[in-house]
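Protein chains in written order, with my numbering: chain A, 30 to 366; chain B, 18 to 312.
Calculated from the structure, these hints are not laboratory results. Keep in mind that a hint or two might mislead.
[Claimed, not checked] Rough simulated footprint, nothing fancy, chain B against chain A, three-plus residues with beta-carbon under 8 Å: (1) 162 to 169; (2) 175 to 181; (3) 306 to 317; (4) 321 to 334.
Even glycine gets a Cβ: it sits at the ideal position worked out from N, Cα and C.
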Amino acid sequence: MLSLISKRLLLVIPNLIGVVIITFLLTRALPGDPAAYFAGPAATKEAIEQVRSKLGLDKPLIVQFGHYVTDLARGDFGNSLTTGQPVATEIRNRLPASAELTLFGLFISISIAVPLGILAAVKQGSWIDHTCRVVATAGVSLPVFFTGLLLVYVFYFLLGWSPAPLGRIDVFYSPPPQVTGFYLIDSVLSGNLEGFRAAFSQLLLPGLTLGIFSLAPIARMTRASMLAVLASDFVRTARASGLDDRTVIITYAFRNAMLPVVTTLGMVFSFLLGANVLVEKVFAWPGIGSYAVEALISSDFAPVQGFVLTMAVLYVVLNLIIDILYGVIDPRVRLEG
Amino acid sequence: MTDTAIRAAAPKAESNSLLRHARYVVSENPVTGLAFGLFTLIALCALIGPYIVPHDPLASDTAATLQAPSWKHWFGTDQLGRDIFSRVVVATRLDLIIALSSVALVFAMGGFAGIAAGFFGGWTDRIVGRISDTIMAFPLFVLAMGIVAALGNTVTNIVLATAIINFPLYVRVARAEANVRRDAGFVQAARLSGNGDFRILLMHILPNIMPIMMVQISLTMGYAILNAAGLSFIGLGVRPPTPEWGIMVAEGAGNIISGEWWIALFPGAALMLAVFCFNLLGDGLRDLVDPQRRT
Numbered sequence: 030m031l032s033l034i035s036k037r038l039l040l041v042i043p044n045l046i047g048v049v050i051i052t053f054l055l056t057r058a059l060p061g062d063p064a065a066y067f068a069g070p071a072a073t074k075e076a077i078e079q080v081r082s083k084l085g086l087d088k089p090l091i092v093q094f095g096h097y098v099t100d101l102a103r104g105d106f107g108n109s110l111t112t113g114q115p116v117a118t119e120i121r122n123r124l125p126a127s128a129e130l131t132l133f134g135l136f137i138s139i140s141i142a143v144p145l146g147i148l149a150a151v152k153q154g155s156w157i158d159h160t161c162r163v164v165a166t167a168g169v170s171l172p173v174f175f176t177g178l179l180l181v182y183v184f185y186f187l188l189g190w191s192p193a194p195l196g197r198i199d200v201f202y203s204p205p206p207q208v209t210g211f212y213l214i215d216s217v218l219s220g221n222l223e224g225f226r227a228a229f230s231q232l233l234l235p236g237l238t239l240g241i242f243s244l245a246p247i248a249r250m251t252r253a254s255m256l257a258v259l260a261s262d263f264v265r266t267a268r269a270s271g272l273d274d275r276t277v278i279i280t281y282a283f284r285n286a287m288l289p290v291v292t293t294l295g296m297v298f299s300f301l302l303g304a305n306v307l308v309e310k311v312f313a314w315p316g317i318g319s320y321a322v323e324a325l326i327s328s329d330f331a332p333v334q335g336f337v338l339t340m341a342v343l344y345v346v347l348n349l350i351i352d353i354l355y356g357v358i359d360p361r362v363r364l365e366g
Numbered sequence: 018m019t020d021t022a023i024r025a026a027a028p029k030a031e032s033n034s035l036l037r038h039a040r041y042v043v044s045e046n047p048v049t050g051l052a053f054g055l056f057t058l059i060a061l062c063a064l065i066g067p068y069i070v071p072h073d074p075l076a077s078d079t080a081a082t083l084q085a086p087s088w089k090h091w092f093g094t095d096q097l098g099r100d101i102f103s104r105v106v107v108a109t110r111l112d113l114i115i116a117l118s119s120v121a122l123v124f125a126m127g128g129f130a131g132i133a134a135g136f137f138g139g140w141t142d143r144i145v146g147r148i149s150d151t152i153m154a155f156p157l158f159v160l161a162m163g164i165v166a167a168l169g170n171t172v173t174n175i176v177l178a179t180a181i182i183n184f185p186l187y188v189r190v191a192r193a194e195a196n197v198r199r200d201a202g203f204v205q206a207a208r209l210s211g212n213g214d215f216r217i218l219l220m221h222i223l224p225n226i227m228p229i230m231m232v233q234i235s236l237t238m239g240y241a242i243l244n245a246a247g248l249s250f251i252g253l254g255v256r257p258p259t260p261e262w263g264i265m266v267a268e269g270a271g272n273i274i275s276g277e278w279w280i281a282l283f284p285g286a287a288l289m290l291a292v293f294c295f296n297l298l299g300d301g302l303r304d305l306v307d308p309q310r311r312t
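Next comes chain B alone, as it looks inside the complex:
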């Protein structure tokens, strides 16, 4: 066997074993397969939802207000006669964008701060640790409320607030993972070949802890969606008439006691399914990446 043959065979075997492992995880826990299915559905709604819905999500129809679910309006209509099914589907994109951008933001901030803290130790570690301790000293949703109230009632600030309250979680994971690798063989080798600290951090440590960070992202996605919906439920961030799950539940809240359950139920159920899906995906991904922490 020649050198090239061995080199070609090695990655193939590796990807094969990963696939097999993935298949094992999915077959061992069929719920993960279900979560992937749900995820595809949610992603589809976010991508093409606005083009396929049967009604305009903003068009009100005074002749058809507060109608129960029927063939014409699958999820019924609200106080203004707007079609709830269309609104729920269209809202997917906004909710996902808020959650995704806040998670991306905290991944950048918390991930980098955590890696730096774990890698350099000393003062960097102490300052980063103090910042996350201070954030953790607040009940997290309350802090998010305070941040949005102070910085201004916009969607951007909801994203920022959600990112900030997740900061300590990312720092903790990234710090622990970077810390165990700071003196690893490959880091010493990189240093000996003349790489600077930042280069080592970005090119050698970061790719190594990526899988664990991806799990963290998927686990916090659900929480980010819940948090953003909670904030818009109390009237922060998204303004009516924009369709968004949290605000739609708030709009239907008053009708619950008079029996019009469909206005709040469908957006609430969509919210619940999305969060459920991301939580299950996170667990599945963790089983895939880090079999030791399997529950």
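This is chain A alone, in the form it adopts within the complex:
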């Protein structure tokens, strides 16, 4: 198991190098003169030259790359042009909001998609199977920002069930004392049930939006892999030995069918992290996605670059965790490693 993990860790290194090279090239591809850009629109010629030598832009590309990597290693993502604040601090403060939203969305999507996929496979050709297919195709066709707006219209404007789509917690409540940065967990830790309810009602709609968006691949994969497992020899043997349906499906088939579903989680995370940006904009969610979008609009590149880098590193780490998890639940992978 340990050797498997270390082998997988080695595979992360070229990915991270690629990510860093691409984000570096993106900063250098900025239109026009980056020094003039970072010096601001009102800068004089001397000021621009000063910025150029301060940023090391007069040095060869490879030296610049060296500086870039050392800065990153020190956790320095540069400063935002509009606020002057270091990007790294801002991203660290906003990351829990995005993480809470993404994980909650994934939780919703798994808790709907997996039972749906299983039922569709067990009752193949029934109405539930057709529902599953429609949901899967509709899920990938719905633009995530559009789903979000529809939910807001129905549940906020028409029914009045949910609070206004403005941030993580109602303005009348103060956020719970920070422990994990997840409002749901923090409010439970501080025993503040009122706060939990407030945070949960804000989280529900954006979470549901993300959930609907990522339903499709999980449901489709669960159904396909469940069908394959149900047709296999060991399920036939289990049935022939007289085990009841529930035991066969849950204990035998389900556990084996989950393996391919875990591998698709990688793709699902790529969807989720991207869709996160759009959902954060719709619900004015104070996460790193809306930070990047605000910066994009004011042509402030440092936060965007920090955001892209953070997302990429997170995604690489998530893929690593998924692979290790796969090794944990499937002994065959462990043996090969």
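Given the structure of chain A, go ahead and fit chain B onto it with the hints provided.
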């Protein structure tokens, strides 16, 4: 029967069986027929839409702002009194052009890189593989945001970014298909008759994997439309007042909480129908071309 008769009969039988197969696929799955109908509608909107819409999509009318759908304005009007129906129809062309050009671009780049990787193997394969792995290391929409932010906020760069994030998908398909054919009989025959590598690649391998690549194109069209609309929703690429579905949804987003649903709903629904149509078409085409992968 003479030689010429046989030669004439063979292609006819083949096209007959293809037609029959197509009819079978459509009748087996009526949804595919629906998708073809939708596609025709979308294509019509893109081709002649701007000439048949009842109102000028850019003309504002301060006397008729934020009107609900009515006989005069089928989809209502927006904050500036512009007719939403006209804007939705006119936007079709721009959205399709963005999606089509990005798909064409990635087909050229990814398709060629993939074929070369599968055919030559070795270093070509390793370099192409490394490039697509690096792209895949990013959440794709986030990478597209970064590319457009860095290269400049234009429609051309949206096309480029959408092409780049689809690159690994095309490479994977083209590489696998070229790889199984690299030592096929017809390739060896072509080589024996003195054809160079590139000639074999372009004249013999490429036509053979075209059908599968066409399926890939139709499957990624929907994704390309979604991606481009998502980028313009967050304010990248297309600038107002140009009618485009993503930006129109963004313009209507603020009005949702005050109850003016029609501004965002109609462009959003158009977007959804277009994506839905291309996804269904892709599935239908796949059934036609590659019956084994039918779901």
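How the hints compare with the structure:
{"no.": "1", "hint": "162 to 169", "in the structure": "holds (count 3)"}
{"no.": "2", "hint": "175 to 181", "in the structure": "holds (count 4)"}
{"no.": "3", "hint": "306 to 317", "in the structure": "holds (count 4)"}
{"no.": "4", "hint": "321 to 334", "in the structure": "holds (count 8)"}
The structure fails none of the hints (numbered hints given earlier).
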